[in-house]
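K.L.:
Take a look at the letters that make up each chain.
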Amino acid sequence: MIFIVLPAYNEEQKIGRVIRDLFQHGFKNIIVVDDGSDDNTVSEAVTAGAKVLKHMINRGQGAALQTGNEFVLQNGAEIVVHFDSDGQFNVNDINKGIEKLIEENLDIVFGSRFLDTRSKVPFFKKYFILPFSRIINNFITKLNLSDVHNGFRIMHRRALEKINITQDQMAHNSEIPRLVKENNLKYGELPVEVLYFENGQGVSGGLKILWDLLIAKIN
Amino acid sequence: MVIQIILVVFFLVVLFKVLSKFRSGYLKGKETVGWVIFWILAMAVVINPNSTLILAKVLGVGRGVDAILYLTITLLFFLVFKIFVRLEKIERQITKLVRQDTLNQTKKYESSSYHS
Chain A
1 MIFIVLPAYN EEQKIGRVIR DLFQHGFKNI IVVDDGSDDN TVSEAVTAGA
51 KVLKHMINRG QGAALQTGNE FVLQNGAEIV VHFDSDGQFN VNDINKGIEK
101 LIEENLDIVF GSRFLDTRSK VPFFKKYFIL PFSRIINNFI TKLNLSDVHN
151 GFRIMHRRAL EKINITQDQM AHNSEIPRLV KENNLKYGEL PVEVLYFENG
201 QGVSGGLKIL WDLLIAKIN
Chain B
1 MVIQIILVVF FLVVLFKVLS KFRSGYLKGK ETVGWVIFWI LAMAVVINPN
51 STLILAKVLG VGRGVDAILY LTITLLFFLV FKIFVRLEKI ERQITKLVRQ
101 DTLNQTKKYE SSSYHS
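Line by line, the protein sequences give chains A and B.
Mapping of the first sequence onto my numbering: residues 1 to 219, in sequence order.
Mapping of the second sequence onto my numbering: residues 1 to 116, in sequence order.
Honestly, the hints are just simulated from the structure, not real lab data.
Be careful, since some hints might not be right.
[What the hints assert, rightly or not] Within a straight-line C-alpha distance of at most 30 Å, the following computed DSSO-like cross-link-like pairs (lysine-lysine) qualify:
1. Lys30/B - Lys217/A
2. Lys142/A - Lys96/B
3. Lys51/A - Lys96/B
4. Lys142/A - Lys82/B
5. Lys208/A - Lys89/B
6. Lys181/A - Lys89/B
7. Lys142/A - Lys181/A
8. Lys181/A - Lys96/B
9. Lys217/A - Lys96/B
10. Lys54/A - Lys96/B
11. Lys89/B - Lys162/A
12. Lys208/A - Lys82/B
13. Lys96/B - Lys14/A
14. Lys96/B - Lys186/A
15. Lys217/A - Lys82/B
16. Lys28/B - Lys217/A
Taking the hints into account, I'd like the entire structure generated from these sequences.
P.N.:
Printed below as a string of structure tokens:
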């Protein structure tokens, strides 16, 4: 069984369209983890036909993904896809990723913006923020990935059972590759398209992630 | 000096607070002893500032006030660090609770929808 997990926080404008798009592409098990939204994300997701899990208060994207992971594990998932609820990913990339996972017998497939030319990454982000973040990230995670903090990933149940996300905020994007390395999971990268809106993570978001990782190390 | 009186009275109030926190169970025995010693020492230093000279000599610092300053800053950093670690732990526990609640609620939802 293939599950799509969409963590969502105040995404009433976009989530309905994303869910309908997923249904139109033949995906059936769509799980939205509403992370304590203040808007109508839940009703939009329910109307669009998704199964909605609700966090009573906001705990962060990492926390929402882990809730989704545990739910799908309990419900017999063989493959789970982490996808964004704001429509920045291309649904057409999912099947390619699943094929890759199965054909190459991988445990996890990471999406990457840099393996083809579809993603129009903003200049400053592409040439300054991301290369720098990639060096730090690959140093922390000990995994050599061409992209950093790309929320598109496809995991086999084997990986799901090993990966327990403890980073509640955005640092889970570094924690997952680190756990992949620690557990010797087989991984691959898939070219994915990322559309750019205004609400990305800036430099301060990056610093927050580093801070979270540091605090976690101390703990 | 007025400042000495103010500080001693303040420390006595804090000392009283520490003891009442211990009595109501918010502070453990070890912590209480630590804080009582700390505030009594603080009072001793305020009443007799020259006593810090001994400490300064031991630490190899020129003035007693400097020795106290270094020590208190170190202590403050340590306490802030401890609070950070504790906060992180609490954050994780909250997430655990929220997740468990979410999963429980969802299970109930599913089973009731089967019967309807």
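K.L.:
Determine for every hint whether it applies to the structure shown.
P.N.:
Going down the list of hints, with the structure as the test:
{"no.": "1", "hint": "Lys30/B - Lys217/A", "result": "holds (27 Å)"}
{"no.": "2", "hint": "Lys142/A - Lys96/B", "result": "holds (28 Å)"}
{"no.": "3", "hint": "Lys51/A - Lys96/B", "result": "holds (21 Å)"}
{"no.": "4", "hint": "Lys142/A - Lys82/B", "result": "holds (29 Å)"}
{"no.": "5", "hint": "Lys208/A - Lys89/B", "result": "holds (17 Å)"}
{"no.": "6", "hint": "Lys181/A - Lys89/B", "result": "holds (25 Å)"}
{"no.": "7", "hint": "Lys142/A - Lys181/A", "result": "holds (7 Å)"}
{"no.": "8", "hint": "Lys181/A - Lys96/B", "result": "holds (25 Å)"}
{"no.": "9", "hint": "Lys217/A - Lys96/B", "result": "holds (19 Å)"}
{"no.": "10", "hint": "Lys54/A - Lys96/B", "result": "holds (14 Å)"}
{"no.": "11", "hint": "Lys89/B - Lys162/A", "result": "holds (22 Å)"}
{"no.": "12", "hint": "Lys208/A - Lys82/B", "result": "holds (19 Å)"}
{"no.": "13", "hint": "Lys96/B - Lys14/A", "result": "holds (28 Å)"}
{"no.": "14", "hint": "Lys96/B - Lys186/A", "result": "holds (28 Å)"}
{"no.": "15", "hint": "Lys217/A - Lys82/B", "result": "holds (14 Å)"}
{"no.": "16", "hint": "Lys28/B - Lys217/A", "result": "holds (27 Å)"}
When the structure is compared with the earlier hints, no violation turns up for any of them.
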